[in-house]
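Chain residues, written in single-letter form:
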Amino acid sequence: MNQAKVFKVENRLAKVIVLPGGMTVAAALRRADERVASVRDVCLASFAEKGRRLQQLAAIGRAGSDDKAVANLYATANEVFSIAGAFGMTDLAESAYGLCDLVDSSRERDEINWGAVDVYVDGVRFLGSAAAEADCATRAAIVAGLRQIAGRFSGDA
Amino acid sequence: MTASSILANERINLANAGVLLLDSNPEGLEILAQMFAGFGMHTPQRCLSGEQAMAAVRDRELNLIVVDSALSDTDGYEFVRWLRRSGIRPNCFAPVILLTGHTRQTEIFKGRDCGANFVVRKPAPPLVLLQRIVWVSKETRQFVDAPNYCGPDRRFRALGPPAGMKGRRSDDLSFEVGAAKTPNLGQDDIDALFQPKRAVG
Chain A
1 MNQAKVFKVE NRLAKVIVLP GGMTVAAALR RADERVASVR DVCLASFAEK
51 GRRLQQLAAI GRAGSDDKAV ANLYATANEV FSIAGAFGMT DLAESAYGLC
101 DLVDSSRERD EINWGAVDVY VDGVRFLGSA AAEADCATRA AIVAGLRQIA
151 GRFSGDA
Chain B
1001 MTASSILANE RINLANAGVL LLDSNPEGLE ILAQMFAGFG MHTPQRCLSG
1051 EQAMAAVRDR ELNLIVVDSA LSDTDGYEFV RWLRRSGIRP NCFAPVILLT
1101 GHTRQTEIFK GRDCGANFVV RKPAPPLVLL QRIVWVSKET RQFVDAPNYC
1151 GPDRRFRALG PPAGMKGRRS DDLSFEVGAA KTPNLGQDDI DALFQPKRAV
1201 G
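Quick note, the sequences are listed as chains A and B, same order. For what it's worth, my numbering labels the leading residue of the first sequence as 1, then goes sequentially. For what it's worth, my numbering labels the leading residue of the second sequence as 1001, then goes sequentially.
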């Protein structure tokens, strides 16, 4: 028997968004870009603390002394991915995403290669540091190395 | 309407919209808030946890909710599921845009099935987010309230059930088209459908 109810609901956003005033889409996008750019430095400054947290969580997870360490490691890497992606830092975003992938797929198999995690954490920490900003050659080498690790583990999965 | 069809000179007014932004990452929340400030929405309800967001849903009327899938005390999927079942009107029907970063393999279908209007993968630059906001503001899908799902109809296009399968919905058409039960229309009758003429006499 079909127990689903299907009905229309009022879209209040539709009524609000067309009220007189406001701005054009072009103006809204320009203003949004400017606003996001204005908080870039503050957001990027958080990478140092998040990098330290990644390192600590990896050490705790390896020691097996805290069940939540792996989940927190995943969550912190996800935060780095979100922020890096918002500011077009594609190599850092890719590396943080790769760390999430590594932790998640390892968790599925119930075995975590902490050596690989350490390499990823060090890579993410470097790519998120101010010192790395201008060092294109090292950045490229790190990303290439992390891709190799990712390829090895995705082949094992 | 496609999600990409947004005109540069189209006007939007979010100044009076009740917006809730939910992200446990403080920097992520700041980025979202700045984007919405740029869009003209300067006082969104900012929440760092599911618990804070639930309180906000109870306290004020919301016209749009933007939720990150990864939260500190729960996850975005569970929050949206709670919202849809909460019975707190009209907020339980408010459009929801769910933002996802890295998605666990076990959670891929959660985005579709939690009751969000739209799932957006990060990075979500202002253009992408604004396209989705305009899209959900023109949302015409009906709401479904069923034992295993509550939210906007997950069908974006009513194409019917897959070939060879019987539909589960009362308005799904039968796959098998039976034999005609009445005579076919004559050509004059078909022409009259396209060119209606006033009855004379």
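Think of the hints as simulated: they come from the structure by calculation, not from any bench. Hints should not be assumed to be uniformly reliable.
With a Cα cut of at most 30 Å, we get these calculated BS3-like pairs of lysine-lysine [unchecked claim]: (1) LYS1166/B with LYS5/A; (2) LYS5/A with LYS15/A; (3) LYS1138/B with LYS5/A; (4) LYS1138/B with LYS15/A; (5) LYS50/A with LYS68/A; (6) LYS8/A with LYS1138/B; (7) LYS1181/B with LYS1166/B.
A quick note: this is a predicted structure, and the numbers were derived from the prediction, not measured.
| said: Hint compliance check: list the failing hint numbers for this structure, sorted ascending. | reply: Of the numbered hints given earlier, the structure breaks none, since each of them holds.
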